[in-house]
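Quick note, the sequences are listed as chains C and S, same order. Numbering (the working numbering) for the first sequence: 628 to 847. Numbering (the working numbering) for the second sequence: 3 to 245.
No wet-lab data here; the hints were simulated from the structure. Don't take each hint at face value.
To be verified - List of simulated lysine to aspartate or glutamate pairs, EDC-like, C-alpha gap at most 20 Å:
| hint | chain 1 | residue 1 | chain 2 | residue 2 |
| --- | --- | --- | --- | --- |
| 1 | C | 818 | C | 788 |
| 2 | C | 818 | C | 839 |
| 3 | S | 23 | C | 719 |
| 4 | S | 23 | C | 754 |
| 5 | C | 815 | C | 791 |
| 6 | C | 815 | C | 786 |
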Amino acid sequence: MIEIQNLSVFFGRTIALDHVDLELAPGIVGLFGQNASGKSTLLRVLGGLLPPTSGAVTWEGAPIGSAGEEQRARIGFAGHGSGLYLKLAIRENLILFARLYGVPVTRVDDVMEILGLGPRSSTLVGELSAGLKRRAGVARALLHEPDLLLLDEPYAHLDDEASESVSLAVRSWRAPGRTAVIATHGAKRIKQFTDSRVVLQRGRVITHLSAEALSARAQV
Amino acid sequence: MRAGGPGFVGKTWALVVKDVKLELRARDTLPPMVAFAGAVAVLLAFSIPSSGNLSAPVRIVAGSAPLTDVLAGFLWVTVLFAGLIGFARTFEVEREEAAIDSLLMAPLDRSGLFFGKAIPNLLFIVLVEAILIPLFAILFGIDLGGSWAVLASVALLADLGFVAVGTLFSALAAQTSSRELILPILALPVLVPVFIAAVVLTSDLFAGSSLDEVARRGWFAILVAFDVIFITAGALLFEFTVE
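Using the sequences and the hints, build the whole thing.
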C-alpha cells in the first residue's frame, strides 16, 4: 500500500503537486492527466528521486527515500529519458544494471525478448529510435522484477505493436502484492488492465477510482 | 529476482569499467586533457630559457627563483587545469538520457557512486601525468636519476586529494547550468594546500633531494593528511551533493 498524505511539491513559485492525498492499493494504477498536471513529479516523488516540499509518502509503512538500498532494490523507474548510456549497447546497459541489482545475466535476455529488443541488443542506445529507447528504458525498470514499478509515459513514440509489447511486459510482471503506477496522458493503452485510476489536474487529484469503484462501475 | 550478486566492491568496479568503456568509445574527456597539457608544456618550452642547469635562477616579477621552483609550479598548474577540464565532464554521461536517475535508484551505497566516479578520474589524471612529466623532462632537461619512483609517489598522493575534491564538487557543479564555471570556483580554494605541497615536493626532487629528505618535509605529511580527509569526506558527503 502506498500512502500519500498532504503531498505538495513546489519548484520555486510553481506548484507541481498541491496537497495530494491518495491511498494506492497493490495492482496497476493508471495515472492520467494533461501535460504539466503533476504526473511526472508524483512518480519522481514515489521513486525517491524528488523530496516533497511538504507532506509524507510511505510504501508498506516505510517513508519513501529513507529506507535506503533495500527499498531502492524493490523499485523500478522509467522516466522520460531511457536512463541508459548512449555509448553502450542495450545489452551492455542492461548487464551493467543487472550487476548493480544482483540479477543473473540470463534475465537480461529474457526481458529484452519480452520487449522485442532482442534483434537490436548490440545496437548502441544512442543509435536507437525514440521508441526503441523508450522500450529499453522500460526493460531496465523491469529487469530486477521490482515490487513497485513506476513508468512515466511508457507508450510515448511507440506504434501499436511496440505498445502491445510494453503492455505485455507489464502484464507478465504483474503479481499479487506488486504495485505499478503508469503515467500517461492517453488512457486508451492501459485502460483495459488498470486496477485503479487517478486523474491529476494542475497538481491536484480530481478523480480517484479505486479497484472497487471500477468494478462497481463495470457492473452498472 | 534479487540474488546475492556482487557486493559493494563488485558494483563499484562495474561503474568504473562502465566509465572507462564509455571514454574509450566517446574519447571526449581524456583527449582534451592531454591536448591542453601538451600544448602548455610546448608553449612553456619556448618561453622559459633553459640553460641546462636546473638550479640556475630565473628572473620573475618578485626577483628571482630557481628554475626547479618555476618548472614544478608550471607542471602542477598544468595538471590542475587539465584535471578540471576532465572533472567538469564527470557527470556528462549521466546527464544524457537521465542515466543519473537510474544510478541513484540502484541499490548501491552513495559512496560506491563516489568511488565509481573518482577511480576513472584518477586513471585519467594519471594518464595525463604519464605523458606530461616525461614531456617536461625532455623539454627542460630534467634528470631525476633514481628519483622517478619518488616523483611518481608524490604525484599519486597529490592526485588522490585532487581527484577526491574534484569528483565531490563535480557532482555539485553538475546540477547547475554553468558547471564548467562553477567547478573551479568551488574546487580551487580547497585544492590550494594539495598543490602547494605537490609543487614544493616536486621542486625538491627536481633539485636532487632524496626520498628521505622529501619524506621528512612537512608538506609530505600535509599531502597524506589531505588525502585521508578528502577521500573520507568525498565518500561520506557525496550523497548530499549528488541528490
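Verification of the supplied hints:
1. 818(C) to 788(C): Within the cut-off at roughly 17 Å; holds.
2. 818(C) to 839(C): Within the cut-off at roughly 15 Å; holds.
3. 23(S) to 719(C): holds, 10 Å
4. 23(S) to 754(C): holds, 17 Å
5. 815(C) to 791(C): Given pair residue 815(C), residue 791(C) holds - Cα atoms ~12 Å apart, limit 20 Å.
6. 815(C) to 786(C): holds, 13 Å
The earlier numbered hints are all upheld by this structure, with none contradicted.
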